[in-house]
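Colleague: Sequence:
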Amino acid sequence: MREEYYHDPDAPTSNSLAPSAFAVVRDDAGRVLLVRRADNGHWELPGGRVDLGESAPTAAEREVAEESGVTVKVTGEAAWVPVDRLDALVMHPTMRRRVIDALGEPNVPHVR
Numbered sequence: 001m002r003e004e005y006y007h008d009p010d011a012p013t014s015n016s017l018a019p020s021a022f023a024v025v026r027d028d029a030g031r032v033l034l035v036r037r038a039d040n041g042h043w044e045l046p047g048g049r050v051d052l053g054e055s056a057p058t059a060a061e062r063e064v065a066e067e068s069g070v071t072v073k074v075t076g077e078a079a080w081v082p083v084d085r086l087d088a089l090v091m092h093p094t095m096r097r098r099v100i101d102a103l104g105e106p107n108v109p110h111v112r
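In this text, residue positions in the sequence shown follow UniProt numbering: the first is 1, and each later residue adds one.
Careful: at least some of the hints might be erroneous.
[Said to hold, decoys possible] Distance windows between CB atoms, simulated:
1) GLY48 - ARG85: 16 to 24 Å
2) PRO9 - ALA65: 31 to 39 Å
3) GLY30 - ASP8: 32 to 40 Å
[Stated by the list, open to error] Under the rule of at most 20 Å between Cα atoms (straight-line distance), these lysine to aspartate or glutamate pairs were calculated in the DMTMM-like manner:
4) LYS73 - ASP28
5) LYS73 - GLU54
6) LYS73 - ASP51
7) LYS73 - ASP27
In short, the hints are calculated from the structure, not lab data. Beta carbons are placed, not taken as given, at the ideal position from N, Cα and C, and that holds for glycine.
Please take these sequences and the hints and turn them into a complete structure.
Modeller: Structure below.
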């Protein structure tokens, strides 16, 4: 499960940061590639977590292929943001939960 906290002043404080890479992919007509999220239907740039040992450009190329089926090569700037500049970035806080076990009817499901 995942909960979204867009502009929620009561959102819990983030307790981790996930290195991520996203790509702006344009075609010859100047259109920008967007992908629709399966969990909430919002449109966004293709991207996601950087795997252990993976570079940001490689992660961006992999994520574009996984999410859209389009093969790309990073040709522009790819950079890491220093931790002391993170507050200047637009953050998308989320919370993930895992259902460990649940009871079927007539019992009420529960999350442990």
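Colleague: Would you mind marking each hint as holding or not holding in the structure?
Modeller: Against the structure, the hints come out as follows:
{"no.": "1", "hint": "GLY48 - ARG85: 16 to 24 Å", "verdict": "21 Å, holds"}
{"no.": "2", "hint": "PRO9 - ALA65: 31 to 39 Å", "verdict": "38 Å, holds"}
{"no.": "3", "hint": "GLY30 - ASP8: 32 to 40 Å", "verdict": "35 Å, holds"}
{"no.": "4", "hint": "LYS73 - ASP28", "verdict": "15 Å, holds"}
{"no.": "5", "hint": "LYS73 - GLU54", "verdict": "15 Å, holds"}
{"no.": "6", "hint": "LYS73 - ASP51", "verdict": "18 Å, holds"}
{"no.": "7", "hint": "LYS73 - ASP27", "verdict": "13 Å, holds"}
The structure agrees with every numbered hint stated previously.
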